[in-house]
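For the record, the sequence lines run as chains V, R and U. Going by my numbering, the letters in the first sequence line up with residues 16 to 322, in that order. Going by my numbering, the letters in the second sequence line up with residues 5 to 395, in that order. Going by my numbering, the letters in the third sequence line up with residues 355 to 623, in that order.
Calculated from the structure, these hints are not laboratory results. Check each hint, because a few of them may be wrong.
[As the list claims (entries may be wrong)] Sample of chain U residues lacking proximity to chain R, with all beta carbon distances greater than 10 Å (derived):
#	residue
1	368
2	375
3	383
4	384
5	411
6	435
7	466
8	486
9	502
10	519
11	573
12	592
13	594
[Unchecked claim] Think about it this way: if two alpha-carbon atoms lie no more than 35 Å apart in a straight line, the pair counts; the simulated DSBU-like pairs of lysine-lysine are:
#	chain 1	residue 1	chain 2	residue 2
14	R	167	V	115
15	V	111	R	167
16	V	188	V	111
17	V	309	R	167
18	V	309	V	115
19	V	147	V	111
20	R	223	R	201
21	V	188	V	309
22	V	111	V	309
23	V	147	R	201
24	V	115	V	188
Because the structure is a prediction, the values reported are computed rather than measured. Quick reminder that beta carbons are idealized off the backbone N, C-alpha and C, glycines included.
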Amino acid sequence: MPPLEVVLQQAFNGLMLGVMYALVAVGFTLFFGVLDVIHFSHGDIFMLGAFTGLSLTFLWVAVGLGSPAVALPLTFLGAILATGLIGVLTGRGCVKPLAKAPPLMTLLATLSLGLVIREAVLIFYPRGADPKPFPALLPQGLFEVGGVVIRYENLIILAIGGAAMVLVDLIIKRTRIGASIRAVAQDAEAAQMMGVDLDRTVDFTFFLGAGLAAVAGILNGLYYSEIHFIMGIMAGVIGFSAAAVGGLGNVYGAILGGFLFGVLQTLAAAFIPRGSEFRDVVAFAVVMIFMVLKPTGILGEKPIERV
Amino acid sequence: MTQVLAVWAVELVLFALVVAALLAERPLALGATIGGIAALAVIARTSARLWAWVTAAFRAHRAAALVGAAVLALALPFFLRASPYWTFVATLALVYVTIGQGLNLQIGTTGVINLAGAAFAGLGGYTVGLLTVGLGVTPWLAFLIGPLVAVVVGALLFVPILKVRGHYLALVTIAFGFIFNILMNNLEFTGGPQGIKNIPTLRLFGYAFTTAPELFGMKLPYHANFYFAALAMAALVTWLTWRLYNSWTGLTLNTVRDDEIAAKCSGVSVARYKLLAFSIGNFSIGLGGAFYAVMVGFVSPPDFDFGYSLVMVSIIILGGLDSIPGIVLGASLLIPLPERFRFLHEYRLLLYGAAIVLMLLFRPRGLWPATVRRYGLREPAASFAPEGGRR
Amino acid sequence: MSLFATRALTVRFGGLTAVDQVDLRLEEGETLGLIGPNGSGKTTFFNAVTGLVPATGEALFRGGPLQGLEPNAICQRGIARTFQTSRLCLGQSVFDNVLIGMHTRVRTGVWDALFRRRRVLAEVRGALAEAAHLLSLFNAELVERGFEPVGALPHIDRRRVEICRALAAHPRLLLLDEPSAGMNPEETLELMKDLQIVRGEMPGLSVIIIEHDMFVIEGVSHRVVAFNYGRKIAEGTFAEVARNEEVREAYLGRAAEAGEAAPAFPPGR
Chain V
16 MPPLEVVLQQ AFNGLMLGVM YALVAVGFTL FFGVLDVIHF SHGDIFMLGA
66 FTGLSLTFLW VAVGLGSPAV ALPLTFLGAI LATGLIGVLT GRGCVKPLAK
116 APPLMTLLAT LSLGLVIREA VLIFYPRGAD PKPFPALLPQ GLFEVGGVVI
166 RYENLIILAI GGAAMVLVDL IIKRTRIGAS IRAVAQDAEA AQMMGVDLDR
216 TVDFTFFLGA GLAAVAGILN GLYYSEIHFI MGIMAGVIGF SAAAVGGLGN
266 VYGAILGGFL FGVLQTLAAA FIPRGSEFRD VVAFAVVMIF MVLKPTGILG
316 EKPIERV
Chain R
5 MTQVLAVWAV ELVLFALVVA ALLAERPLAL GATIGGIAAL AVIARTSARL
55 WAWVTAAFRA HRAAALVGAA VLALALPFFL RASPYWTFVA TLALVYVTIG
105 QGLNLQIGTT GVINLAGAAF AGLGGYTVGL LTVGLGVTPW LAFLIGPLVA
155 VVVGALLFVP ILKVRGHYLA LVTIAFGFIF NILMNNLEFT GGPQGIKNIP
205 TLRLFGYAFT TAPELFGMKL PYHANFYFAA LAMAALVTWL TWRLYNSWTG
255 LTLNTVRDDE IAAKCSGVSV ARYKLLAFSI GNFSIGLGGA FYAVMVGFVS
305 PPDFDFGYSL VMVSIIILGG LDSIPGIVLG ASLLIPLPER FRFLHEYRLL
355 LYGAAIVLML LFRPRGLWPA TVRRYGLREP AASFAPEGGR R
Chain U
355 MSLFATRALT VRFGGLTAVD QVDLRLEEGE TLGLIGPNGS GKTTFFNAVT
405 GLVPATGEAL FRGGPLQGLE PNAICQRGIA RTFQTSRLCL GQSVFDNVLI
455 GMHTRVRTGV WDALFRRRRV LAEVRGALAE AAHLLSLFNA ELVERGFEPV
505 GALPHIDRRR VEICRALAAH PRLLLLDEPS AGMNPEETLE LMKDLQIVRG
555 EMPGLSVIII EHDMFVIEGV SHRVVAFNYG RKIAEGTFAE VARNEEVREA
605 YLGRAAEAGE AAPAFPPGR
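So that you can see chain V by itself, here it is in the shape it has in the complex (with noise of 0.2 Å):
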């Protein structure tokens, strides 16, 4: 049994990186819950807003904004923009004219849109199949309690997923365009008779989720110090997956999803020998059951079909 201090620590590592996949997680339930799709693309739009970021903080250096203090939330806020919108028109272009199709037609939609995007990167962004670094745009340094070593910037990207959780949370519940959302997923026909613009609703759901993954992209490369273009294929499934564990349409089921995964990812490589290989062998196999034994999710999933 390894000592208490490394536990602790991997735990730690485990919730930086549950975060990231937490973040992702709702997105994927939003979508679920509004539209009921499972929107394959959505974690290449995770890694799209990845180099957003990254081409943003290269802008601000060229125009003299290159300070940390500054650049860090600009790029945030130029990410959260940029990509919300090309969130909205995959929405638009890709997955509101097949929502009377089969849902088998959406996901191969999706699928394939993703690989559109994952390709385009690498073909378009210049040596795109190389890794890029992430410039270290958070303070450095650190600090140690009971043997555990906590970054600064660990920290500051904990709460900067937990605040945009809490903000996701606060949207949800307490805005107009909010309760829409609620409604919606609840039966959209009945929102829409009771005047609740079905469009609109969905738009915003599409900003919100691409909006998020912005963010987790960003979180990723600051953790991780550098940015691929493959990066969202994992992140994509293990979000799904994340999702799907804690319940497709539950928001607080996602999060939970997504951090119990981080956590036992990152305990399976630590602990477990050859584990940071197999990793995500862990991961997928834990999909894999979990799917088999209670596919509705720990949470429990929106029931759909009447007979």
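Following the hints, position chains R and U against chain V.
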């Protein structure tokens, strides 16, 4: 009789265009060929009567059309004999036809979403590699065991999962695909990132498939051996899939796809039929993978990654979900085309993805859509009517 | 012993009791009309009988219990049904939609499909002839359009195809769920004649029919049962049930009691 001749003439013209398109080197020749194909397409579209006449002729003389197509397919390597590369590509297309029929049975016919096609092909391929190189089993036997491994693994892992909803199944198959890839990459006995090399080739009565054959006084590249074998394999698999589709099994699978509840209340054991489609499909997929291993002589993890699963799915969508001829068309288009337009090679996956999205948005039923099941019967519907009846 | 009987059949969804201790009995050759306002549990009752939702209590068919059986096993025992929203496979042919009903009676399997095609074709031809026969009972034109996709047919013909699918299973008990839903008066009249034809063609067939259109209920039922809030509130001939106070109240509300001008009951004609 004129109809039969017309059918053969059309097939011959298409064949000539295809061969010319593949082989034409000089830009002028290439441009002329593409122009010819485009012209045909335009004629077919604008002259509805001609199109109708031709399709009616094909429908009326299915046997003659198949014979004609078979003859041309057998003749292809002779026209391609100057290019081992194109013979190889043609063979690869046939492998994808084999895989495609299996995957289509799962996704298109039964609605079982399998996004791990490449992994199941890999199970077939790696089994062949492990058995022949590792245990010295003869290639033919390994070739038969490979698909069985794909079936067994699929059945064991997926029996509990087949009853969950579509998108969960998709997720699980994606997860499985990645697990397979990571395991092949990291386990000792599978050769790691290098894979398994020097897989022995097939031998028929002492004749090794790596020997360049000489037929009718013409010397063909040795790839032609694999071409003929693949042609037989693809034809057999397509034929059997057609029989399965045009039987009670096909009807039941379609109903399971369209409405599980109606199927259940009509007495169908939905779980059993999903497993059936999944298993039969995996056999074909594994068969394709096993053939690939023998044809190329080595297997490695990147040969069977998620990207290839998406290529397989794009073939099905392009050709037509649940459409057996569509698979043949889809594979014939999607495999050679990127090779032909080499400058597009970098954009290959991007174009595959874009093609799927566009097809799903605008032509979801594919280029050769599935038609209503007729069980291969010629009789019109009214011929089944009893005498009398109401109104 | 009755062909079909339920004792205290109950279906609960969380806190809601959709079907509440229902006792029912049906003899061979009998047609039972099942009426009641929307949400009174009639379709849920069907779903419980056909094994689509879990239920407590007892349901007996031909002497054997139905509880715990999967829907496909229940169909094999001899119960077939139609659905409120016709569950047809719209992209498939008319014939195919009827043929699937014969699934429990098909003898050839995968092996035959692959290697003994002649047997399969012989069976298919026989099945197509039987499907054509069933369809022609209602409308000969349906046979001519047998190889067309069923989605191309008008609403009433689709209902007929669905009924043929259920009949193709050679059931002993047929459950019809609001067959006249979405039909205008002429079509409803046709439907009623169709049901009478079915009765004539298969006199031993027992039927439970859920309907809102009282004209149809009156025309085809031997007995009528009324539901409200998941409970059986009345049973008897159509006239008896129509006169029943609780039934009138369930449909029309307390206004009937207070003597206010109430809409005519039974509704429909």
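Just to be careful, I want the Cα atoms of residue 115/V and residue 188/V compared with a cutoff of 35 Å; is the pair within it? Given that 35 Å is the threshold and the Cα spacing comes to 29 Å, the pair holds.
Is the Cβ of residue 384/U farther than 10 Å from every Cβ of chain R? 22 Å, holds
Is the Cα-Cα distance between residue 111/V and residue 309/V 35 Å or less? 29 Å, holds
Status of residue 411/U, Cβ more than 10 Å from any chain R Cβ: 21 Å, holds
Please confirm whether residue 383/U is truly not at the interface, meaning its C-beta sits more than 10 Å away from all C-beta atoms of chain R. Non-interface label stands for residue 383/U: nearest chain R Cβ at 23 Å, farther than 10 Å.
Take a quick look at residue 594/U and tell me if its Cβ sits farther than 10 Å from every Cβ on chain R, holds or violated. 32 Å, holds
Beyond 10 Å from every chain R Cβ: check whether that's true for residue 435/U. 6 Å, violated
Does residue 201/R sit within 35 Å of residue 223/R, going by the straight-line distance between their CA atoms? Given pair residue 223/R, residue 201/R holds - Cα atoms ~28 Å apart, limit 35 Å.
Taking only the CA atoms, is the gap from residue 188/V to residue 309/V under or equal to 35 Å? The hint holds at about 28 Å.
Check the non-interface label on residue 519/U: least C-beta distance to chain R beyond 10 Å or not. 7 Å, violated
Are residue 309/V and residue 167/R close enough, with their CA atoms no more than 35 Å apart? With Cα atoms ~12 Å apart, residue 309/V and residue 167/R stay inside 35 Å; holds.
Given the hinted pair residue 309/V and residue 115/V, is their alpha-carbon gap at most 35 Å? 28 Å, holds
Of the numbered hints stated above, those contradicted by the structure are hints 6, 7, 8, 9 and 10, listed in ascending order.
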